[in-house]
Amino acid sequence: MKVKVVTRILEANERIAAENRRLFDEANIYVINLMSAPGAGKTSLLEKTIKELNGKIKTAVIEGDIAGTSDAERISSLGVPVIQINTGGACHLDANMINEVLESLPLKETDLLFVENVGNLVCPAEFNIGEDMKAMVLSITEGDDKPLKYPLMFQESSALILNKIDLLPYTNASMEKIRKDAMSLNPSLKTFEVSCKTGKGIAEWAEWLTEKIKS
Amino acid sequence: MHEASIALSVLEIAVDNCRKAGYNRIESIRLKIGRASGIMIDALLFAFNAVKADTIAAEASVIIDEIPVSGLCSSCGKDFVTEEKYVLCCPECSSTSFNIKTGRELEIIDMEVF
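Residue numbers (my numbering), protein chains in the order written: chain W, 255 to 469; chain X, 2 to 115.
Isolated chain W, as found in the complex (with noise of 0.2 Å):
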C-alpha cells in the first residue's frame, strides 16, 4: 500500500523560524545572524560596533557556544541585555534553540537584535533561524583561499566583514583574492575591512547598519 508523505524534511526548522520571524516583525527588531570560523572576531566586533552605536540604536544579543558563557560576559558589561546558549554538541544555532530564549529578552524595547552564532564556517549557514539577513566575519589570517572552499557561507550573506586587517603585513593573503572570490559567489555582497584592534572600518560598518536598520 503506497502512502503519500511529500513532507519537507527541513520543514520543522523552517516552521520555527516563520513563528520567531513573526515575533520579531511585532516587535519591530531588525536582526542579524552573525557567523564566522572560531576565532575570528565575532565578539570583537560586536563589543566594537555596540560601542560605536553608543546607544543610539537600542541592542541585544543572544550568544551561541558549545559551552562556556565568555562571550555573554563580555556583552555584558557593555551594558547591553544579553542571553548565553549552550548547545552542548550541536554545532549551529537553530530555529527551535532561538525561539525557546525570546521570552528572556526585552523584545519591545530592542531595535537590533544580533545573534552571534557558534563559529563554524559550515553549518550555521544552512540554518534560518528567522533574521533579517546573514552576516560573516572573515579574518584576514585564516587564508585568501576560503571563499572557494566555504562557498555556501559566503553565499548566504548579505555583508562579509575581513577582520584583522593590522596584520595583512604579516600574512600573504590577497585581499583582491578575497574580494574577486567572494563576489563571484554572491554579487551583491557588502565587503567591510576592519580591524577590531585598531577600530579601523568600524565607523562604516556600524553606518551601513544604521541605514540599513532604518530603512
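Everything labelled a hint here was simulated from the structure, so no lab data went into it. Ideal Cβ positions, reconstructed from N, Cα and C, are used throughout, including at glycine. Hints may contain errors.
As the list claims (entries may be wrong) - Keeping only pairs whose Cα atoms sit at most 25 Å apart, straight-line, the calculated PhoX-like set for lysine-lysine is:
| # | chain 1 | residue 1 | chain 2 | residue 2 |
| --- | --- | --- | --- | --- |
| 1 | X | Lys21 | W | Lys403 |
| 2 | X | Lys33 | X | Lys86 |
| 3 | W | Lys434 | X | Lys21 |
| 4 | W | Lys454 | W | Lys312 |
| 5 | W | Lys444 | W | Lys468 |
| 6 | X | Lys33 | W | Lys256 |
| 7 | W | Lys454 | W | Lys431 |
| 8 | W | Lys434 | X | Lys33 |
| 9 | W | Lys258 | X | Lys86 |
| 10 | W | Lys431 | X | Lys86 |
| 11 | W | Lys258 | X | Lys79 |
| 12 | X | Lys86 | W | Lys403 |
| 13 | W | Lys256 | X | Lys21 |
| 14 | W | Lys434 | W | Lys466 |
Claimed, not checked - Only some residues are given here: those of chain W computed to face chain X with a beta carbon under 8 Å:
| # | residue |
| --- | --- |
| 15 | Lys256 |
| 16 | Lys258 |
| 17 | Leu264 |
| 18 | Glu268 |
| 19 | Pro405 |
What the hints assert, rightly or not - The calculated label-pair distances, taken between Cβ atoms and stated as ranges, are:
| # | chain 1 | residue 1 | chain 2 | residue 2 | range |
| --- | --- | --- | --- | --- | --- |
| 20 | X | Lys102 | W | Ser412 | 18 to 24 Å |
| 21 | W | Glu268 | X | Pro92 | 28 to 34 Å |
| 22 | X | Ser75 | W | Arg276 | 30 to 36 Å |
| 23 | X | Pro92 | W | Thr452 | 39 to 45 Å |
| 24 | X | Leu73 | W | Gly309 | 44 to 50 Å |
| 25 | X | Asp66 | W | Val355 | 51 to 57 Å |
| 26 | W | Lys256 | X | Asp43 | 22 to 28 Å |
| 27 | W | Glu430 | X | Cys90 | 38 to 44 Å |
| 28 | X | Cys77 | W | Lys444 | 22 to 28 Å |
| 29 | W | Arg328 | X | Ala22 | 49 to 55 Å |
| 30 | W | Lys305 | X | Glu93 | 48 to 54 Å |
| 31 | X | Ser95 | W | Glu430 | 34 to 40 Å |
| 32 | W | Gly309 | X | Thr103 | 44 to 50 Å |
Got chain W; can you put chain X on it based on the hints?
Frame of chain W, contents of chain X only:
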C-alpha cells in the same frame, strides 16, 4: 551535513504518517534529494540504517530520487542543467546572474506500508 539528525527526521515523519494512515510496518521510503542539497547520500543511508532499529521501519529500505541542479540565467535567458553541485556561473554565458530551479530538494515523497 547533519545526516544523522536528518535520518531521525525521516524516521519520525515516516512512522507518524504510517500510523496515521492506519498501517503498522514500513517496507520502503522514497526520498527526493537534490544534488545541491548538501546531503551525502551514503552518510544518510548509513545513519538511517542505524536509527531504524526496533521501530516499525526496522526492515525499511530507502529509495532515493536524486535531482540534478538546474537553473535559468537572467543574462542570456537560457535554461541549464548541470552535473555540478555548486553553480558559480551560467554554463552558457558565464554570467553570475542566475536562479537555481532544482537541486536543493530534501523531501519524503511516499512510502510502501503494510
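Evaluated hints:
1. With a CA separation close to 44 Å, the supplied pair Lys21 (chain X) and Lys403 (chain W) exceeds the 25 Å bound.
2. At roughly 15 Å between alpha-carbon atoms, Lys33 (chain X) and Lys86 (chain X) fall within 25 Å of each other, so this suggested pair holds.
3. Straight-line distance between C-alpha atoms of Lys434 (chain W) and Lys21 (chain X) comes to about 52 Å, which puts the hinted pair past the 25 Å bound.
4. For the suggested pair Lys454 (chain W) and Lys312 (chain W), the alpha carbons sit about 23 Å apart, so the restraint of at most 25 Å is met.
5. A hinted pair counts as satisfied when its Cα atoms are at most 25 Å apart, and Lys444 (chain W) with Lys468 (chain W) qualifies at roughly 17 Å.
6. As the CA atoms of Lys33 (chain X) and Lys256 (chain W) are separated by approximately 16 Å, the hinted pair is consistent with the 25 Å bound.
7. For the hint linking Lys454 (chain W) to Lys431 (chain W), the alpha-carbon distance of about 21 Å falls within 25 Å, and the restraint holds.
8. Restraint check for Lys434 (chain W) and Lys33 (chain X): the C-alpha separation of about 35 Å exceeds 25 Å, so the hint is violated.
9. Of the supplied pair hints, the one linking Lys258 (chain W) and Lys86 (chain X) is violated, its CA atoms being roughly 28 Å apart against a limit of 25 Å.
10. A threshold of 25 Å between alpha carbons decides the hint, and for Lys431 (chain W) with Lys86 (chain X) the separation of about 23 Å falls inside it, so the pair holds.
11. Annotation: proposed proximity of Lys258 (chain W) to Lys79 (chain X) is violated, straight-line Cα distance about 34 Å (limit 25 Å).
12. Note on Lys86 (chain X) and Lys403 (chain W): the hinted pairing holds, with a Cα-Cα distance of about 13 Å set against a maximum of 25 Å.
13. A distance of roughly 13 Å separates the Cα atoms of Lys256 (chain W) and Lys21 (chain X); the hinted pair therefore holds under the 25 Å criterion.
14. About 24 Å separates the Cα atoms of Lys434 (chain W) and Lys466 (chain W), which keeps this hinted pair within 25 Å; it holds.
15. A cut of 8 Å between beta carbons decides the hint on Lys256 (chain W): the least distance to chain X is about 6 Å, and the hint holds.
16. With a least beta-carbon distance of about 5 Å to chain X, the hint placing Lys258 (chain W) at the interface is held under the 8 Å criterion.
17. Annotation: interface hint on Leu264 (chain W) holds; nearest CB of chain X at approximately 6 Å, less than 8 Å.
18. Contact between Glu268 (chain W) and chain X, as hinted, is not supported at the beta carbon level, the nearest pair being about 11 Å apart and thus beyond 8 Å.
19. Below 8 Å, beta-carbon pairs count as interface contacts, and Pro405 (chain W) has one with chain X at about 6 Å; its hint therefore holds.
20. Against the hinted window of 18 to 24 Å, the Cβ-Cβ separation of Lys102 (chain X) and Ser412 (chain W) comes to about 23 Å, which satisfies the hint.
21. One distance hint, 28 to 34 Å for the beta-carbon pair Glu268 (chain W) and Pro92 (chain X), holds here, with the actual separation near 30 Å.
22. One distance hint, 30 to 36 Å for the beta-carbon pair Ser75 (chain X) and Arg276 (chain W), holds here, with the actual separation near 31 Å.
23. Between Pro92 (chain X) and Thr452 (chain W) the beta carbons are some 44 Å apart, a value that agrees with the proposed interval 39 to 45 Å.
24. As the Cβ distance of Leu73 (chain X) to Gly309 (chain W) is approximately 47 Å, the hint placing it in 44 to 50 Å holds.
25. For Asp66 (chain X) and Val355 (chain W), the hinted distance range of 51 to 57 Å is not satisfied, since their beta carbons lie about 38 Å from each other.
26. The hinted window of 22 to 28 Å between Lys256 (chain W) and Asp43 (chain X) holds, with their beta carbons roughly 26 Å apart.
27. Restraint check, Glu430 (chain W) to Cys90 (chain X): a C-beta distance of roughly 19 Å breaks the suggested window 38 to 44 Å.
28. Distance hint check: the CB atoms of Cys77 (chain X) and Lys444 (chain W) are about 26 Å apart, consistent with the given range 22 to 28 Å.
29. Taking the beta carbon of each, Arg328 (chain W) and Ala22 (chain X) are about 53 Å apart, inside 49 to 55 Å as hinted.
30. A hinted range of 48 to 54 Å holds for the C-beta pair Lys305 (chain W) and Glu93 (chain X), which are about 49 Å apart.
31. For Ser95 (chain X) and Glu430 (chain W), the Cβ-Cβ distance of about 20 Å falls outside the hinted range of 34 to 40 Å, so the restraint is violated.
32. A beta carbon spacing of about 48 Å between Gly309 (chain W) and Thr103 (chain X) agrees with the range 44 to 50 Å that was offered as a hint.
Violated hints, listed in ascending order, are 1, 3, 8, 9, 11, 18, 25, 27, 31; each of the other numbered hints is respected by the structure.
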